[in-house]
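Trainee: Chains A and B, in that order, are what the protein sequence lines are.
With the first sequence counted from 1, adding 13 to any position gets you the numbering used here.
With the second sequence counted from 1, adding 596 to any position gets you the numbering used here.
Think of the hints as simulated: they come from the structure by calculation, not from any bench.
Note that CB positions come from ideal geometry on N, CA and C, so glycine has one too.
Any given hint could turn out to be false.
The list that follows gives simulated cross-link-like pairs (lysine to any residue, SDA-like), each with its CA atoms no further than 25 Å apart [stated by the list, open to error]: (1) Lys300(A) x Arg701(B); (2) Lys160(A) x Ser613(B); (3) Lys658(B) x Phe672(B); (4) Lys160(A) x Lys660(B); (5) Lys660(B) x Ala248(A); (6) Lys300(A) x Leu258(A); (7) Lys300(A) x Gly650(B); (8) Lys160(A) x Ile176(A); (9) Lys160(A) x Arg700(B); (10) Lys300(A) x Asp794(B); (11) Lys160(A) x Thr653(B); (12) Lys658(B) x Lys300(A); (13) Lys160(A) x His609(B); (14) Lys660(B) x Ala821(B).
Computed from the model, here is a short list of chain B residues facing chain A with C-beta under 7 Å [unchecked claim]: (15) Ile600; (16) Gly693; (17) Ser697.
Over 10 Å on every C-beta distance to chain A, these chain B residues come out as not near it, computed from the model [as the list claims (entries may be wrong)]: (18) Ser599; (19) Pro698; (20) Leu763; (21) Arg770; (22) Glu801; (23) Arg828.
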Amino acid sequence: MSLNPVRRHPNATILFLFVALVALMIFSLMLGRYPVTLREIAHILATTSPLHAVGNYTNVPWVVIEIVRLPRILMVTLCGMGLALAGAAMQGIFRNPLVGPDVVGVSQGAAFGGVLAIILALSPMGIVGMAFALGMAGLLMAFLLAKLAGKASTLALVLSGVIIGSFFGSLVGLAQYVADPQTQLPSIIYWLLGSFAGATYAKVAIVATVTLVAGSVLLLLRWRINLFSLREVDASALGTNLDRLRWVIITCVVLIVAAQVSVSGGVGWVGLIIPHAARMLLGPEHKKLLPASAFLGGLYLLGMDDVARSVGNQEIPIGLLTGVVGAPVFALLFWKTQTKGWIDE
Amino acid sequence: MNSIAIQFENLGHAYRSGEWIFQQYAAQVPAGKVFALLGPNGCGKTTLLKILLGALTPSTGKCKVDGRVGFVPQIFQVSFDYTALEMVLMGRARQIGLFSSPTRRDREAALAAMERFGITHLASRPFHELSGGQRQLVIFARALVSEAQVLILDEPTSALDLKNQVLILNWIQRLSRQDGLTVFFTTHHPQHALAIADETMLMLEESKYASGPPAQVMSEANLQALYGVEMRQVAFDYRGVLVTTLVPVLVSSTAAGA
């Protein structure tokens, strides 16, 4: 069987995904209880800036677009792109499409870091720092545990990730138990469920800086990620030292996940299912897979957030939505990949 | 060319327990020659290859490989379903910068290597859908596109049918004779070494080996000692050429009883 037309024209597909993402961002600006037309949006974006308020905050369309919807849409898009990019890179270096930041202890570690930062009443940058430190700690602990078991094989790493993940899950439970039920507990629970409702430009700046820097490194290394699919001895014969490269990529992945967790809490499954979908669309070659995953991740999370904020009277935490949709989709993809497209080692 | 492409002396490797896999092994492979390594399962052939590839540090001795190395593994596993062309392009890893992707030149080089092996038509086919022989040729093309000077092959014919075995052996010979590549391969088929190798090494015991031109080294007695089975040398005339080969003695139970 030869390649399908979509896989034969990867650049056109990636361009289409990018255009679709921009279109969805514009549509998302229009979406909401307060109606704003496309013309008004264009005018506001062209003539004003959120940092230099023209007039005052009584200008409702300006507030809705520049202060409420735009930072949220930017944040959701960046988080979706970052998570999918990180997931695709991680699956590439671990040669396994069933691996993601959720599986190897990163997300749970980062979540505990965030909860701890809330209890300690740290600043937003403090939350990022704690989420990153404990996300990295989660990954390192999973690695060490896998090493103790013998070779750092993918299976050993995933099983260690499950152990470390539940350990950090218990610590999150403990933190909730000791948190002040009047002041801290509600914000911890809401944060853990995952939401973009509290988007601000300060948070956008955090996510944008981390995602753009770490994401750019991943994108620059995207062709090299293919080489991780080969066995060590094979790759070393091609003159490539994968060990150092692996750590650079892991650091970028953890930074991206930590930045997302710190600003919007637990938004699961994106890093697992989106790279799968992109792989089904364009094949496994990481030069095409990484940009396609990023745009698809932005599309998916923004679409989910649009649903979360427009269905019903009250906003649904997006983490719940991505979980409810992600698990069955992942089950379907798992079944599909077992029948074709991925060879189990 | 008289230069030495592969050289090892007093080479030995031991398990963590201290038990030797092999020791005091030495050989020299002149550039452009074909070298065959034979030995029973578990004698350390793959370990020796890993040492040559620089993936394993030997417990004792020195080992030197002069020139860029290309490796063709025994079982080729790749986790994702790349196309044949994408697989061949991975051979350009040395030539492509850390933050770069393959250029048009790399693509042209990859397609030229595929054309050399007559597999250009497979370029956009998923690697997993190819037959064993086709996959092997893709990996050969990958080694060629990496501008390898020394080709190391781990049992290159083990998973192939007879037709593909002959195809691959012919290619090994051509890469050595026409392209001047040095080839070092392991095999379980004495007749393959006899047919295409210039030099052979038999891993007889932990610290005992026999090496030299195949016609001298691959005696019935040596192969019997190596594999523990009766071997016979058979010679016959094929279109005016005397062909010598080696076969294990297999007698069916009915014939034995008669």
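Trainee: Do the numbers back the hint for Ile600(B), that is, is its least Cβ distance to chain A under 7 Å?
Mentor: Status violated, d = 20 Å.
Trainee: Hinted pair, alpha-carbon criterion (25 Å max): Lys658(B), Phe672(B). Please report holds or violated.
Mentor: violated (29 Å)
Trainee: Next pair to validate is Lys660(B) with Ala248(A); report whether the Cα-Cα distance is within 25 Å.
Mentor: Answer holds: Lys660(B) to Ala248(A) is near 19 Å, not above 25 Å.
Trainee: Would the pair Lys658(B) and Lys300(A) pass a check requiring their Cα atoms to be no farther apart than 25 Å?
Mentor: The hint is violated at about 40 Å.
Trainee: Sort out whether Ser613(B) lies within 25 Å of Lys160(A), counting only the CA atoms.
Mentor: Roughly 19 Å between the alpha carbons, so the hint for Lys160(A) and Ser613(B) holds.
Trainee: Please check whether Gly693(B) passes as an interface residue: C-beta within 7 Å of a C-beta belonging to chain A.
Mentor: Violated. Min distance 10 Å.
Trainee: Are the Cα positions of Lys300(A) and Leu258(A) separated by 25 Å at most?
Mentor: holds (16 Å)
Trainee: For the pair supplied as a hint, Lys300(A) and Asp794(B), is the alpha-carbon distance within the 25 Å limit?
Mentor: violated (42 Å)
Trainee: Minimum Cβ separation between Glu801(B) and chain A greater than 10 Å?
Mentor: holds (26 Å)
Trainee: If I take the minimum Cβ distance from Arg828(B) to any residue of chain A, is it greater than 10 Å?
Mentor: holds (36 Å)
Trainee: Sort out whether Ile176(A) lies within 25 Å of Lys160(A), counting only the CA atoms.
Mentor: With Cα atoms ~14 Å apart, Lys160(A) and Ile176(A) stay inside 25 Å; holds.
Trainee: Are the Cα positions of Lys160(A) and Lys660(B) separated by 25 Å at most?
Mentor: violated (31 Å)
Against the hints set out earlier in the document, violations occur for numbers 3, 4, 7, 9, 10, 12, 14, 15, 16, 19.
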